[in-house]
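Please build the complex by placing chain X on the supplied structure of chain Z, with the hints as guidance.
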Amino acid sequence: MSTDAIILLFTIGCYTAAGALFIWSVGGPSAKTKSATILATIGLAAHTGLIVATGIRAGHPPFTNLRESLTFVGWAVMAIFLTTRRARKPAVLGAAASLICVIAVGFGSVLPKSTNDYLLPALKNKWSIVHVATSLAGYAGFVLAFCSALLHTVQESLLRNKRTNRLQQGLPSLDALDRFSYKMVAIGFPLFTVGIVTGSLWAQSAWGSYWSWDPKETWSLVTWLVYAAYLHVRALHGRRGRLANRLLVIGFICTLITFFGVNFFAGGLHSYNW
Amino acid sequence: MLAYYSADSIATHSEVGRMRLVVVGLNHKTAPVETREQLSIEESQLPKALADLRASVQLSESVILSTCNRTEVYACCAFDSHGDSIAKWLGSYCNLSGESYLAHLYRLQDEKAAHHLFRVASGIDSMVTGEYQVLAQLKNAYTIARESGFTGSVLNYLFHHAISVGKRVRTETAIGRGAFSVGSAAARLAESIFEDLKGCTVMILGAGKMAEQTVAHLMSTGTKNVLVANRTELRAAALATRYGARAVDFDDLEAALPTADIVVASTSAREPIITQDMLKRSIVKRRGRPMFVIDIAVPRNVEPAAANIEGVFLYNIDDLQAVVEKDRIARSAEIERAECIIAQELIRFAERFRSLEAVPVITAIRDKFETIRETEVAKLKRKFPDLSPDQLSGIDAMTRSIVNKICHDPVIRIKEFLSSEECPINADLLCQLFGVCPKDEQSEEVDRT
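Here the protein sequences come in this chain order: Z and X. Counting in this note's numbering, the first sequence runs from 1 upward without gaps. Counting in this note's numbering, the second sequence runs from 1 upward without gaps.
For reference, chain Z alone in the conformation it holds in the complex (with noise of 0.2 Å):
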């Protein structure tokens, strides 16, 4: 076995052990938390090495295919939730950020690698390094504030039905969830934004034309509207609840339309990706 993949696979195992830890303290003792949070920054560590390695010795930033694209925003993922959240981390925002990379590294790692030498001509261009990582992190933005969206409706519906079971009381407030929603498109937001902003100037230098409209361009437009709605409606409005929600859920499908459905099914400039 070799070394990528050892350290590999101990990256999948802290983050899978912290996600265990985080599921298991949900509602319970707060001790574990802490140990879990522990296990997810030694992962993630590893993982920083991983990419770094992975980045040196293909002489380019490895986001050049899904598979190190996959594994760049499970790094995004958990960077932003171990970076943004207080000392004390809600144990299942926690166990969401785990499964999210478990499920991104883990997919991405049997994904076929990048041959290493050959490098499409569209992609060597100091654009594209910005352009990849903000548009992948503001993914990893977007996915958590999904996951937030999504505990934010089981929380309303706990309440509403007056179910306060361990994992009602496990969950974080309302507030706290809508909060941590509103926090990650705000780092989601801006970093996509620059990402197809650096998109359409490496486009101009790389094909000529600012903007295309190729299936990968639409979609992700269509994401950056449903993202600036939702901010539109939470931070100007100020409106809270299921409408901010349901923007939630729609702009992450969009997200994963633009991320992996422009490269299954539809042709365009940007489906080399594989």
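A couple of the hints might just be wrong.
[Stated by the list, open to error] Which chain X residues stay away from chain Z? Per the calculated CB distances, all over 10 Å, these:
| # | residue |
| --- | --- |
| 1 | ARG54 |
| 2 | ARG119 |
| 3 | THR241 |
| 4 | PRO299 |
[Said to hold, decoys possible] Dumping the calculated DSS-like pairs for lysine-lysine here, alpha-carbon to alpha-carbon at most 30 Å:
| # | chain 1 | residue 1 | chain 2 | residue 2 |
| --- | --- | --- | --- | --- |
| 5 | Z | LYS183 | X | LYS198 |
| 6 | Z | LYS34 | X | LYS198 |
| 7 | Z | LYS162 | X | LYS285 |
| 8 | Z | LYS183 | X | LYS224 |
| 9 | X | LYS209 | Z | LYS162 |
| 10 | X | LYS48 | X | LYS112 |
| 11 | Z | LYS32 | X | LYS139 |
| 12 | X | LYS198 | Z | LYS162 |
[Claimed, not checked] Here are the computed distance ranges between Cβ atoms for each label pair:
| # | chain 1 | residue 1 | chain 2 | residue 2 | range |
| --- | --- | --- | --- | --- | --- |
| 13 | X | GLU131 | Z | ALA20 | 27 to 35 Å |
| 14 | X | ARG413 | Z | ARG166 | 46 to 54 Å |
| 15 | X | GLU351 | Z | SER157 | 50 to 58 Å |
These aren't lab readings, by the way, just hints derived from the structure by calculation. A virtual CB, placed ideally from N, CA and C, is assigned to each residue, including glycine.
Then chain X, alone, in the frame of chain Z:
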């Protein structure tokens, strides 16, 4: 083990013997409230009571824990019979005639006594399982006894250990979780809706006992902004001063409603005061920020249909009581885990407790040998007055060395024996063997634990 002594030797060795930990008391399970009332001792009276107890029963250490659910005397004493003496003292101190109260008392010794105290500290022995108050009361009772000088190494160690067990059980099990009353259920639910209750505004409509309890719970979690609305302005103003709240005119209720995050309604109105439409408009004005409406009035003050409004969480008295009941059941399920922790801690305690017992015995043995040595050296000096200082110090060093070498193995073995589970000898036997009588109290050891 008392069988070893003749009546005489009990008298001459009044302080000899194994230290016994004893608890004599009664609680809500063994005694009805009337008896508990009669035998309760007020906090301010505790030092006096402890002094009285020490004067009438020869106890080296004692702590009295008296709450509305229990009165218990923890003591460290030399004889089994002291348990009965404590029971009698309790009756006479509380001016109880007759002996009928004795039937309500329990008497536990040594590890059983420690076990009992650990269960009390963990809230297992409480009327409401897992409640926190008892731990504070226990700490308080212990502090009073310690500050008045009635505790020593044994009870200090016991109570410190019990307090840490109480804390451990509550952090490691869910026994201290959930709601203990309607008020705390409301406060907990409020915390599931609003992250920080400090910034929340609570509005009280009417004021029953339960409403006040609820508000008190909310305020204990940090809520500071309280609005009071009452039909009679005078009453509203009176309540407002009590909570440091702002009084709201009942007619302006609708205008004030959107500013309230939490509404506690408990008026005696026959018709709902807060309608579905009022809440609907409130939520719109609040831009979807949720409202927690607690309706503890019967008949209800809030239209039940209001529960369907998005953002309104309406709980009535039955809902809250159901929460309390469910939490109670959940807590009871945690008792077993708590008992496990207590069992572990008890083993640790017992080891330490037995070794505490060895200390006075060893000290007494060493003291005795030292006295013998000094006497013999003095005799020698009298016999040979011409010895030079050099020679004298040589003799001194030699005799010391002999005593130390003789003591070395027995001392180590005594420590081992007395702290091991299957103790092959006991402290009484050792004392008899060496003909010593350990001193009553090791006051210099008070802070050792």
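Worksheet item: Among all the numbered hints in the text so far, which are the ones the structure does not match?
Response: When the structure is compared with the hints, none of them turns out to be violated.
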